[in-house]
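**Student:** Construct the entire structure; sequences and hints are all you get.
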Amino acid sequence: MLVQAARHCPQHVLFSLWRRKSLLLGCVMVTSVFVVCLQFGSSGGNGHLVENRLPQQNGREEFPLGMAGVGGSHKTLIPRRNLSALNQRQDQNSIGIAEIRPGQLVDMSGKPPRYQQQPVAGDPHALNYVGAAPNSNNLGDHMQVYDGGKAVPNPPPNNWQDPQQQQQQQGRTWQYQKNSANGNTGTTYFVPPLRVVHFDLKGAPPKVSYFKQIFPLLKEAGANAILMEYEDMFPFSGPLAAVSAKNAYTREDVQTILNLAKTHHFEVIPLVQTFGHLEFALKLKEFRELREVDDFPQAICPSRNESFSLVENIIDQVMAMHPNIRWLHVGCDEVYHLGYCSKCMRLDRDNLFLSHVARVARYVRDKHKVIPIIWDDMLRQMPTEKLKEFQLGQLVEPMVWTYVKDVYRFVPYNVWLSYSEVFPFVWAASAFKGAFGETLTVPNVKMHLENNEAWLDVMAEQHKKFGNFRGIVITGWQRYDHLATLCELLPAGLPSLVIDLLTVTQGYFSQQLFTKFHHILQCTVHQRSQVDFETDPHLWQRASSCFFPGSAVFRMTQHHSEAIKRVDDYLYDVTIHKAWLTDYNIRHNITSPMRVDEGLADYSSVYYPLTSLVRTARDALREVYDEYTVAEWIEQNIYPSIVKLEKLWKEATNLKRAKVWPKRPLPPLDLLKKYSVGVLNDDKDDSAVVPMV
Numbered sequence: 001m002l003v004q005a006a007r008h009c010p011q012h013v014l015f016s017l018w019r020r021k022s023l024l025l026g027c028v029m030v031t032s033v034f035v036v037c038l039q040f041g042s043s044g045g046n047g048h049l050v051e052n053r054l055p056q057q058n059g060r061e062e063f064p065l066g067m068a069g070v071g072g073s074h075k076t077l078i079p080r081r082n083l084s085a086l087n088q089r090q091d092q093n094s095i096g097i098a099e100i101r102p103g104q105l106v107d108m109s110g111k112p113p114r115y116q117q118q119p120v121a122g123d124p125h126a127l128n129y130v131g132a133a134p135n136s137n138n139l140g141d142h143m144q145v146y147d148g149g150k151a152v153p154n155p156p157p158n159n160w161q162d163p164q165q166q167q168q169q170q171g172r173t174w175q176y177q178k179n180s181a182n183g184n185t186g187t188t189y190f191v192p193p194l195r196v197v198h199f200d201l202k203g204a205p206p207k208v209s210y211f212k213q214i215f216p217l218l219k220e221a222g223a224n225a226i227l228m229e230y231e232d233m234f235p236f237s238g239p240l241a242a243v244s245a246k247n248a249y250t251r252e253d254v255q256t257i258l259n260l261a262k263t264h265h266f267e268v269i270p271l272v273q274t275f276g277h278l279e280f281a282l283k284l285k286e287f288r289e290l291r292e293v294d295d296f297p298q299a300i301c302p303s304r305n306e307s308f309s310l311v312e313n314i315i316d317q318v319m320a321m322h323p324n325i326r327w328l329h330v331g332c333d334e335v336y337h338l339g340y341c342s343k344c345m346r347l348d349r350d351n352l353f354l355s356h357v358a359r360v361a362r363y364v365r366d367k368h369k370v371i372p373i374i375w376d377d378m379l380r381q382m383p384t385e386k387l388k389e390f391q392l393g394q395l396v397e398p399m400v401w402t403y404v405k406d407v408y409r410f411v412p413y414n415v416w417l418s419y420s421e422v423f424p425f426v427w428a429a430s431a432f433k434g435a436f437g438e439t440l441t442v443p444n445v446k447m448h449l450e451n452n453e454a455w456l457d458v459m460a461e462q463h464k465k466f467g468n469f470r471g472i473v474i475t476g477w478q479r480y481d482h483l484a485t486l487c488e489l490l491p492a493g494l495p496s497l498v499i500d501l502l503t504v505t506q507g508y509f510s511q512q513l514f515t516k517f518h519h520i521l522q523c524t525v526h527q528r529s530q531v532d533f534e535t536d537p538h539l540w541q542r543a544s545s546c547f548f549p550g551s552a553v554f555r556m557t558q559h560h561s562e563a564i565k566r567v568d569d570y571l572y573d574v575t576i577h578k579a580w581l582t583d584y585n586i587r588h589n590i591t592s593p594m595r596v597d598e599g600l601a602d603y604s605s606v607y608y609p610l611t612s613l614v615r616t617a618r619d620a621l622r623e624v625y626d627e628y629t630v631a632e633w634i635e636q637n638i639y640p641s642i643v644k645l646e647k648l649w650k651e652a653t654n655l656k657r658a659k660v661w662p663k664r665p666l667p668p669l670d671l672l673k674k675y676s677v678g679v680l681n682d683d684k685d686d687s688a689v690v691p692m693v
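In the UniProt record's numbering, the protein residues as written are 1 to 693.
Possibly wrong hints are sitting among the right ones.
Below 25 angstroms or equal to it, Euclidean Cα-Cα: the simulated DSS-like pairs (lysine-lysine) are [unchecked claim]: (1) K246 with K212; (2) K578 with K465; (3) K246 with K283; (4) K219 with K464; (5) K405 with K343; (6) K446 with K578; (7) K343 with K285.
Worth flagging that the hints you see were computed from the coordinates, not collected in a lab.
**Tutor:** Take a look at the structure:
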């Protein structure tokens, strides 16, 4: 009986559970909700912080090692950020106390900074900065300064909102925005000691008066140094007189710029090319024989003594105008033509490069007593021991540059490890313009801001490997090389530069920086809504009411973009999409005159705004540049569209003159016969062709 009862008991239990399946399901659901609530409570209510972090996989992110030149094409997991810096702590009762010094990490959690780097020795501009909580409007908002540079928070304003509320009310938020409830993330930020603005002057110098107008703006945005790349705009003399452009600065012009820099307490760093990118000299007949490859005037032959004489002359003349500087940038980037000439081809390419760099660096140090800086790209693939062999760490400081969002893609971790074994100090280089297209007229602010933010993360992670990062140079290229056409002009890039400067000076980006952005750029309308970089990547909407020096050029780029788009759309519609003004119609002089008239109906509404744009661009550009640059920009960016429209009008007018038309088929184009098109093949002999009649 017991055995039989035991056998039927499970069946009875299962039958009972089945009859009460609704009750059982309800219990399971209640239990699940209870477990979820427990998990949420254990997270401390910080779930919203996850939204603002970069995508991670257990603190690591996939990175193709092939980009680093090791490991083949396979992928591995490499840490993307300093995980200790992401140890976030939420304190509901305080915002935090922070002292921000240039070159130190700032912990916004309320704890004393866990790392404090002293300012660069002897740097009069390495000032203390009092930090704001991540949601403050300015660097010192909601803070009170006390002895010792400490700052304690004022109560947040009444209109302060939680980031999740802001996201619900304002839409999409900036993906790098680092803020949280009560303005406290616990994230550590890095403020570079020197925030350097790069002026690329080659072939298109701004008027000296323009520097006087913009230096106060840059100072207010956080800049404390300038990198002057004169190239052919420097007033060379003697054997180098032919190198200077016809519209180069005079010695008085250069001295005026330097005096303005001194007035605004800017560290001045000249940049001279000493290996690659010497097109401005090697393009000339006088220096043609110094080329490594005669067909390409980019790089000098390092094995010729005359080449080094040219470099010495360039350095000496520039240094004579800059007697009290601490650093001289000697270029040395993108030396593509190396080891090609008869003197160099039997030598090791790395040895060729490093021996020339070492020779230039020793010359700069021994004669002029300044520290040489070089671009780092040629060093990235070199073995660490090779760099040590040439004592590069005692001779130069590398400026590590890349202008993309993922810095580690082009400067991977093994490169930082190598540099840390060789160089006591390094520099970083980002961009505010001139990095995402050779012929752009206005920078994509979103992409440049992402690049500068990425560099702040990298410096925060990598600085402990070195004595420090000296600073960050925010580059603004005007041409991709000396022989290229213009890309974005300086006035068109000022909004991008200002928001980048504000970001690197604060150590992170926040939407509240736009309060100071509006003030610096003299905006008449201070918009309170968050900037949506997806819909306004160039800040045309945000800065349209700003009247900073050169703002007419910035606004003109929007009118230009719209006018060129109208031209392109119109030409596509009339000459490609529709069938009466195509190239075929024009070549064979056959069309419907009525349809041609229809196509020309909108011609005036496209053509005359374009000719009006010429006058607008001329007047705006003349405020900043000489007539050579004004003419070059208009010829490059507007005149080609005018030519296309005028050509269309002329061809359409000629088409309409015909009163009778030939019957079909129309004769094939003679130029197609070289492809055996428009001929008849003899079936008996494939080599024989008979022209079609």
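**Student:** Does each hint hold? Answer for all of them.
**Tutor:** Here is what the structure says about each hint:
For the suggested pair K246 and K212, the alpha carbons sit about 23 angstroms apart, so the restraint of at most 25 angstroms is met. Proximity of K578 to K465 is assessed by CA-CA distance (about 63 angstroms); at most 25 angstroms being required, the pair is judged violated. For a cut-off of 25 angstroms, the pair hint linking K246 to K283 stands: about 15 angstroms separates their Cα positions. Using a Cα cut-off of 25 angstroms, the hinted pair K219 and K464 is violated, with the two alpha carbons roughly 28 angstroms apart.
For the suggested pair K405 and K343, the alpha carbons sit about 41 angstroms apart, so the restraint of at most 25 angstroms is broken. Distance hint between K446 and K578 is unfulfilled; the C-alpha atoms sit about 37 angstroms from each other, more than 25 angstroms. The hinted pair formed by K343 and K285 meets the criterion: a straight-line CA distance of about 21 angstroms does not exceed 25 angstroms.
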